[in-house]
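Since the structure of chain A is provided, determine the placement of chain B on it from the hints.
Chain by chain, the residues:
2 protein chains.
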Amino acid sequence: MYIHAVSHYLPSEVVDNEHFTQLNGLSNDWIVERTGISERRKAAPGENTNTMTLDAVKRLQDKVDLSSVDLIVGATYTPYDTIVSLAHEAQHYLEIADIPVVSISTACSSLLNAIELVEGYFALNKATRALVIVSDHNTAYNNDRDTMSGHLWGDGAAALYITKERQSERDLDIKGLLTGGAAHSQKATTGVMLKPTEGGVSMPHGRDVFIHACQYMPKATIDILERCNVPLSDVTYVLPHQANLRISRNVMNTLNLPEDKLISNIQYLGNTGCAGCAIGLSENWDKFKKGERIIVTVFGGGYSYGAMLIEV
Amino acid sequence: MYIHAVSHYLPSEVVDNEHFTQLNGLSNDWIVERTGISERRKAAPGENTNTMTLDAVKRLQDKVDLSSVDLIVGATYTPYDTIVSLAHEAQHYLEIADIPVVSISTACSSLLNAIELVEGYFALNKATRALVIVSDHNTAYNNDRDTMSGHLWGDGAAALYITKERQSERDLDIKGLLTGGAAHSQKATTGVMLKPTEGGVSMPHGRDVFIHACQYMPKATIDILERCNVPLSDVTYVLPHQANLRISRNVMNTLNLPEDKLISNIQYLGNTGCAGCAIGLSENWDKFKKGERIIVTVFGGGYSYGAMLIEV
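Chains A and B supply the protein sequences, listed in that same order. All residue numbers for the first sequence refer to our numbering, where the first residue is 1029 and numbers rise by one. All residue numbers for the second sequence refer to our numbering, where the first residue is 1029 and numbers rise by one.
Mixed in with the good hints there might be a few duds.
Which copy is meant is left open, because identical chains are indistinguishable; a pair holds if it fits in one copy or across any two.
Said to hold, decoys possible - Straight-line C-alpha distance at most 25 Å; calculated BS3-like pairs for lysine-lysine:
| no. | residue 1 | residue 2 |
| --- | --- | --- |
| 1 | K1192 | K1318 |
| 2 | K1086 | K1215 |
| 3 | K1154 | K1247 |
| 4 | K1289 | K1247 |
| 5 | K1154 | K1192 |
| 6 | K1203 | K1154 |
| 7 | K1086 | K1223 |
| 8 | K1192 | K1086 |
| 9 | K1203 | K1317 |
| 10 | K1289 | K1317 |
| 11 | K1203 | K1247 |
| 12 | K1203 | K1091 |
Hint data in this document are derived by calculation from the structure and do not stem from the laboratory.
So that you can see chain A by itself, here it is in the shape it has in the complex (with noise of 0.2 Å):
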C-alpha cells in the first residue's frame, strides 16, 4: 500500500520557553538541554481535536481529490469529542456515506496502529482508498503548571491519502509496518496518564518512558527493516516519535547512525503526540527523492510501539 499525499495543520500561536520560565521558573537552557525543545504550538479558542483535523483534510484536499476515499480512520488520545470522534467530523465533512469510520487511541504510537488498521481493511477487500488522520489537542489536557512535562506539549494534525494501489511515481511504498503493545512493563500503566475525569496529562514517571522508548524505537525499527530484508545502511531517514530529542538522538546512537539521517520537527513543535510523525512527513515530503527509504518508528504511553519501512 501506499501514501499517496500528506498535508498537515499547526495552529497559529507559539509558546516559547519564556512561558514556562515565566510560569515555572524553568530557564529556556534547561529546557532546550533536557528535551530540545524551544517553542510548540497552542490552538486558539474554538480550536481543537476535531478543527484540527478539518483543517488538514482541507489541506489534503489541496493535493488529492478525497471523494473516492471509501474508509477512515482517525486517531486521537486528547479528544475533542469522544463520541462524535475526528473521523466522524471527517466522514461529516467529505459527506461520504456509508464507508468504514472508526477513531483509535494507543496515544503517540497511534498513527503506525492506524494504518495496521487500514492494511487490514485492504486485506479484506473492504477499503482500497483511505484516509488517516491524527490530530493531538495537548494543550487542552495539559497542565502549564506541572514542572514534569507541562512543557513538552504541543498541538497539530496531520492528514494522510493512503492506497492499496499505487497512484502516481511520487508515492511513498510501505513495504512494512509492524506494532506492539509493551504494557506487560512495570511502569507501562502509570508512566504516562490521561485521566478525563481526574485531570489532564501527567507524566509521573519520565525516565521509564524514556528508558522503553530508547529501547522500543530501534527494537521495533531493526525488526521491519529484517522482515524486509533490507540493510540498516540502506536506511536514508529516521523519523522517530517526537518525544524528545534526547530520546531521538539516542536511538540514533543505539541503530549506529548519522544524526543527519534524523528527522525531527520537536525543536519548534514539542510533542505532538501522535501527529508528530505525520507532520514531519508532511513537512519533508519535497525531500524525499526516488528509492530513499525512510523508518518511522513511534513509541507511546501505555505503552506500545512500532515501526515502518517506506520506499519513495
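Coordinates of chain B only, in the frame set by chain A:
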C-alpha cells in the same frame, strides 16, 4: 472467524427509576414508557472503564485460557485513561508481550468495529486469537439531572475471545460483518456528544438519534443477510444495540419479526454503550442452540452502524 467465549461484568449497585423521580420528577411510568428502562447499574467509587475491563477479562479466564492471545482490541467512548487505554490495561494484566494492542471508539457501535478490526488482523495473518473488550462507564460522564437523557445510562463491560479457527462445536461462527459511518447525515455530529473538557454526555437531538437508529439497524441487518444469502426467516434472534426498548421494538417491526426473537437487557441495565450487545451475548450464551442464527446490529452517536450474522 469464531466467538469462542464471552463474559461480562456488571457493577453491583442498582439505580432504579425512583432515583430520577426524586432528582428530576420523572415518574417510573414515564421512564418505562419512553425507554423501557426500569433500572441500571452504576460503577462504585474506584471502579472505572479499566477496572471493569479487568473484571470482564478475569471472568473470561474462567472459561478459556487467554495465555496465547495475540491481539487485544478495546472499545469505549467513556475512557478512564485515554493514554493507558482499556486494551493496554488488559495487556498489562495478562502480561503478554509484543502483540498488537489498540483501543477504539465509534461510540455505541464499537463492538462491531472492534470485531471488524480483528477480521483485518486475521486476514493479514498478524493474529489468530483475539481478545476484544467493550467497556463503558457512562455514569462517569453522565449528568443525572439531565432530564433528556440522564436516566438512560448504565455501566458494564464484556470480553470476547475470538479465534480465526474453530475451537469447539459451541463456537459462534461469524458468517458476515459490516460497519458503516453515517456521519454525513445532518445532525450526526450534534445528536449525541461527549466532550470531556466541556462536560459530559449530552443528547440534544434525541429524536434524530432515534430516527436514524430505527432506520440504520434494520437496513444493516438486511444488507448483511443479503451478503450472506440468508433469508430473514432463518434468523432466530436479533440483538440490537441496547439504546431504548422502543428503538429495539421498532427495529423488529420494520423487519417484520416477532418480539420473541428480540434479545434485550436494557430493561434492567439501561444503555450500557458499546458493551450492551456483548453483555447480551454473554447472558444468553447457554440459550443458543446448534444451527440457530443471531443478528447483532448496532447504531451509535457520530453516527455509526453495523450488523453481524452469527451461527451457533
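Status of the hints after comparison with the structure:
1. K1192 with K1318: within (20 Å within a copy, 39 Å between copies)
2. K1086 with K1215: This pair counts as between: shortest inter-copy Cα distance 21 Å, intra-copy 39 Å.
3. K1154 with K1247: Between copies only: 18 Å across chains, 32 Å inside a chain, cut-off 25 Å.
4. K1289 with K1247: Answer is within: at 17 Å inside a copy they meet the 25 Å cutoff, but 52 Å across does not.
5. K1154 with K1192: Both: 11 Å inside a chain and 18 Å across chains, each within 25 Å.
6. K1203 with K1154: Both ways: K1203 and K1154 sit 21 Å apart in one copy and 15 Å across, limit 25 Å.
7. K1086 with K1223: Answer is between; shortest inter-copy Cα gap is 23 Å, intra-copy 31 Å.
8. K1192 with K1086: within (22 Å within a copy, 39 Å between copies)
9. K1203 with K1317: within (16 Å within a copy, 46 Å between copies)
10. K1289 with K1317: within (14 Å within a copy, 61 Å between copies)
11. K1203 with K1247: Cα proximity of K1203 and K1247: one copy only (17 Å, versus 38 Å across).
12. K1203 with K1091: within (23 Å within a copy, 40 Å between copies)
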